[in-house]
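Chemist: Residue numbers (the UniProt record's numbering), protein chains in the order written: chain A, 1 to 396; chain B, 1 to 396; chain C, 1 to 396; chain D, 1 to 396.
Quick caveat, the hints were computed from the structure, so don't treat them as lab data.
Hints should not be assumed to be uniformly reliable.
Since the list gives no way to pick one copy over another, a pair counts as held whenever it fits inside one copy or between any two copies.
The calculated lysine-lysine pairs, modelled on DSBU-like cross-linking and capped at a C-alpha distance of 35 Å, are [to be verified]: (1) LYS110 with LYS140; (2) LYS110 with LYS292; (3) LYS140 with LYS222.
Number of protein chains: 4
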Amino acid sequence: MTDNMSLAQGRNYLAIPGPSVIPDAVLQAMHRPSPNIYAGELVEMMPDLTADLRRVARTRHEVAIYIANGHGAWEAALSNVLVPGETVLAPASGRFTHGWAEMAERLGVKVELIDFGPSDPWDMDRIAQALRADADHRIKAVLAVHVDTSSSIRNDIPALRALLDDLNHPALLMADCIASLGCDRFEMDDWGVDVMVTACQKGLMTPAGMSFVFFNDRAKAKRAAMPRVSAYWDWLPRSEPDWFYQYFGGTAPTHHLYGLRAALDLIHAEGIEHVWTRHARLARAVWAACEKWAEGRALHLNVGDRAHRSHAVTALRLTGGRGTPLRSYTERHLGLTLGIGLGMADEESCFRLGHMGHLNGHMVMGLLGGIETAMAALEIPRGSGALEAAAAVLAG
Amino acid sequence: MTDNMSLAQGRNYLAIPGPSVIPDAVLQAMHRPSPNIYAGELVEMMPDLTADLRRVARTRHEVAIYIANGHGAWEAALSNVLVPGETVLAPASGRFTHGWAEMAERLGVKVELIDFGPSDPWDMDRIAQALRADADHRIKAVLAVHVDTSSSIRNDIPALRALLDDLNHPALLMADCIASLGCDRFEMDDWGVDVMVTACQKGLMTPAGMSFVFFNDRAKAKRAAMPRVSAYWDWLPRSEPDWFYQYFGGTAPTHHLYGLRAALDLIHAEGIEHVWTRHARLARAVWAACEKWAEGRALHLNVGDRAHRSHAVTALRLTGGRGTPLRSYTERHLGLTLGIGLGMADEESCFRLGHMGHLNGHMVMGLLGGIETAMAALEIPRGSGALEAAAAVLAG
Amino acid sequence: MTDNMSLAQGRNYLAIPGPSVIPDAVLQAMHRPSPNIYAGELVEMMPDLTADLRRVARTRHEVAIYIANGHGAWEAALSNVLVPGETVLAPASGRFTHGWAEMAERLGVKVELIDFGPSDPWDMDRIAQALRADADHRIKAVLAVHVDTSSSIRNDIPALRALLDDLNHPALLMADCIASLGCDRFEMDDWGVDVMVTACQKGLMTPAGMSFVFFNDRAKAKRAAMPRVSAYWDWLPRSEPDWFYQYFGGTAPTHHLYGLRAALDLIHAEGIEHVWTRHARLARAVWAACEKWAEGRALHLNVGDRAHRSHAVTALRLTGGRGTPLRSYTERHLGLTLGIGLGMADEESCFRLGHMGHLNGHMVMGLLGGIETAMAALEIPRGSGALEAAAAVLAG
Amino acid sequence: MTDNMSLAQGRNYLAIPGPSVIPDAVLQAMHRPSPNIYAGELVEMMPDLTADLRRVARTRHEVAIYIANGHGAWEAALSNVLVPGETVLAPASGRFTHGWAEMAERLGVKVELIDFGPSDPWDMDRIAQALRADADHRIKAVLAVHVDTSSSIRNDIPALRALLDDLNHPALLMADCIASLGCDRFEMDDWGVDVMVTACQKGLMTPAGMSFVFFNDRAKAKRAAMPRVSAYWDWLPRSEPDWFYQYFGGTAPTHHLYGLRAALDLIHAEGIEHVWTRHARLARAVWAACEKWAEGRALHLNVGDRAHRSHAVTALRLTGGRGTPLRSYTERHLGLTLGIGLGMADEESCFRLGHMGHLNGHMVMGLLGGIETAMAALEIPRGSGALEAAAAVLAG
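Assemble the whole structure, with the sequences as input and the hints as a guide.
Modeler: So, in structure tokens, the structure goes:
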């Protein structure tokens, strides 16, 4: 396994935009025998667990937990509020809105997609135009990806809410926070989000395999009016269970629940506001280095405007198809795994940095230092002083 | 937590009919950082993993892996082969056929249910009658629960196949092996099963959170003719993926895959035939003790005929509502957790023993010895020599 | 690894007289990165840890922690209070007193050994005789093994103290509680023990590798008068450190300390009095079964008098060299490992049961049930009703 | 625990000069039940384990394993070859030779110490002078610390051997490789080392608690001539055991053995030559950064001559007592723990970096990036380009 010419023998650092680095406390909590699933500790911990999930999402409303990945939560959310034949609006900045929209189509839902390409955030005027054109309110929901993991664009959810309100458009505002929750500021209730979808393996720092749908009273009302919702996706018993097994529509994901419990303890011990501040600072350090490197005209940040950059992931391009060699170098020679490019025109040139979740100052410097090393080894032109610029940001 | 009058301080033994006891090798394999989900070890291990799953199911056909519990796999299986408005036949011995049938109804499928009650296996004549009455083949599938976890009845799948063949009935034979796979003999191809559903937390000895649908060419043909299948449940990309993420319809259940890998290694190191033999022997030891206790006329085995008893779970009744006190005693005083009664008329009287998966001779004797102790403490009439009878079976 | 004819695939149960079964909480606590050894959590936890160790030993005096096994603690204890050429009295019931005495000799100490053989406790008259004969108090210490792990004899420490007091003999009373601490009642201060030696892998439920010497003011005074004590064994800085590293004479046993912390939490959550009561009850259950089996005249308990039987270990003999086949059977066929015979005339006939530490009712029944099974398989004559007798004891 | 103004929430990085970072494979291997200590897997793995230890030490001679820390191994080594009243020569570069010499004195051995201070390697002329003055060979051994963990000086063992040979001095050459084994090149047999002492928690990447003494035929001969060696320290039965327990002079350190097994597998999979090369390259990267920073005249490397710098640890000084504030900053703000200064005149100014064992490129860049950040935050003058200089070394 070890490349004998490499300096990789040591801790592997998975710096992809999810799964993120799992805290030791989470893995420890999951290394245990199966608990009883009818009574006892596991059953008793659920009220606090769901309360603490809601605290992260900044909502006093409901949450349904799914044994599923983020795609499952997408389908769950759609299944509870959309009847085949209904329409959703899907403003896409990057790849994942397309994916969610395709899922809607597979459920028989019509999709009106506005594609802003892989590098631009929503253009609110074009969205306004689409909503205004929908005078008879065929559009029942807007699929709003908060942070697109492929492009690292962060879209402006409050602005979208304001637009819907201004236009008196009743469409549900459905947010995908899979890449942002626990990283970028997100305020479900204050921002007027009706349905929010997320998963456990990014900002929530738990091994992949669990996802969540949060929903408010407007969404509940739509659910109540549905002719049929599949038993597995139905969020009703999951959010208001009479029996423990209804939380999960069957057998509980026992070990994931213990892992999530430990992760939520870490988040709330730090404080969610501080979690956001930390991610913001670490992201600015990443940007500072990347912007310096970019002076060499080989490296480019996918998102030009800092205001639209995610605090959890950064998409980059190295001209001449040098993204893949760079990733290969850091993995084989330094023990550092970077994310592949996704959904871009030239995927060999692209790569992504995950900087989400269980992340601190030395990790970010190790990530950036690894890239500097690889660029040096591959003789990629770059501005100097990148690492010192990042350190200066961290030093505040 | 510890009851100060108790003898419970020690290893907890969870002897419920799932989740089963997880081997240390499985937990060790899961205690690791998240792997890359785009390349490397995890990606490379999939071909062998799916091959080894098929070996356990005794099929050369397809398998789709779901991040979901058994209920999710139920819905997945139904979603791939049944159009709303079609009909299934559901012969029910115990509770779980009802659950699967309700799921079908929630998908708009019509259900023809034959209820054999909580203590009797299928009556093949009544099933034959129902199939014969279906001259125009409205019945598209038969929902056949191999082992019902609530009643501990094991139904005769080969006999059902023979019946369908005799009657030339084209309905798909869909088997639920959630409680039987890796415990009771099951031969998917030889028995002519078209679709089989199972989950990881019983005979497969992996923490709950992953499930599986196996299907053959007949089932694939039905899938191909479906007007629409939801993206998450669609088994097609999961069984024939072009890309790794299609195995899981999105992010992989990273840690569960490592756990399952370790569990399959244990199964195949032992040999699946030997796994079945072991379960058979251990089950007979349990029955030997229970039949002795039953001489005291307080304890009753739910299933009278040994030929219809599961090798993985045993449902019992203690007259006078003494099932719950017995369970309470073993848990609080001995560190032994028994399964609650499910789906029975008098649930307080009922309880169940799980004897599945990672299970050996001393564990079964500890389980039975715990029950003997509790019956003594609660002064429940019982035949003598139960434990020695069990030991005699184990001694062969 | 798995014997294909066996029923062993399942949890291995190590029922030898140490190492004992390690609680999950202990293993979890040890699965962590190395901590800083100069400041922080590890340093700060020491005062409570040593206080909680003293609570288990029932002493308000000193404790020194050694990275060493029990033999190391033996040597440590001897090294702090005995000058080459001095004499100790060693009343031996079983093998381990011999071992300790040999260690003393290797340090240049003279040993006066009284051998009571492998099956008898101390004869206080013979000890009295030896002490009376020592009019000029050449005997500086008595090496008193509380429970001998090979013979399972428990000796009467308070009686020995009374004897020394009666005779006004100033010899230090040095107790070996390696096999008894946290199992059998032991009261260091009330019983007038001057030095006590123990280790972590039995009643303290922590992986082998750490041991302890407790000592009171009389022992300290003797240490103060020593011409020389080796730096590693010197208990002075270990018990009264100015710096953290002095606790361990160098680098701390980081992970063992976390494990021990978790184990002490379990003990004190249960309460040491209850721990003793639990061991007593479980031991009586073991005896009840063994005494029944003994009616068949093949099995013999090594210690006839219940008052002199350890609550942590039971030494047995199966005539005709059948101890080894029995152990072999339980290990290969049932997943149950019994202890070998040690220090007996016919070691093939002998075997031992560990019933110490993290142990509860179903475990004891599994242990005994495994032996019943093996005796049945090997057609060893035995009284009937052994398991029911044990269950009756547990049922109270 | 979390400082709310910090960026520390993430993986802690313990970059002290031991304990080093433990590989996941080692922790996984240790998270298991206690094995049997009389037969089976643990017993069977010993021959390969000791062979693989010898491969790391580059010797065909003997090894004794001790449950003890490095100080214990020091005492063990001394105890096997030195009689009270004999003399050793102790050339000291840094603190640890003093410690070993004190241990010798506590055993009654006379010490002739040559102190080269905290920043200079051995002066071979002064050592030669001392040996020449010893015409009657009172000096029985030379205590030679290969790498001093406090000063980060690496001494020239082959030169010392050559000197002894040139002078025909029969003193045993006893090397302390606690901080160097598995990091800096060490060739026991080729270099003519007679006794070598090391421990498991640095280059051997195993939790602290086990240590080792290697010895050759000359040392064995001296041992054979000893009037008395304590039973615990006697290396004879440990190196040539008739029974498994003799390897450890009693109960085996069960879990440490599994951990060490996993660590040795990592070392030999990489290849010991490559391990040394990796450490050399990573050390040069550290030096490159430190030398750049040193241009600011606040930071100083303790060892001026690269030829005498350890590849495993680097001792540094920040004028004005700023070592402690720097360490405090990296720990509280970045999750990075640096080593304290040891044995220096102004300990508040000093600090040390561990770069040993399970260590790769991104970790070193994270370590250096953390220091750059802290120096920026604390406004410590420093040369620029330090991190890029380190990256250039790594890039080769």
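Chemist: Does each hint hold? Answer for all of them.
Modeler: Against the structure, the hints come out as follows:
{"no.": "1", "hint": "LYS110 with LYS140", "verdict": "both (10 Å within a copy, 30 Å between copies)"}
{"no.": "2", "hint": "LYS110 with LYS292", "verdict": "neither (44 Å within a copy, 62 Å between copies)"}
{"no.": "3", "hint": "LYS140 with LYS222", "verdict": "both (10 Å within a copy, 33 Å between copies)"}
Violated hint for the displayed structure: number 2, the only one.
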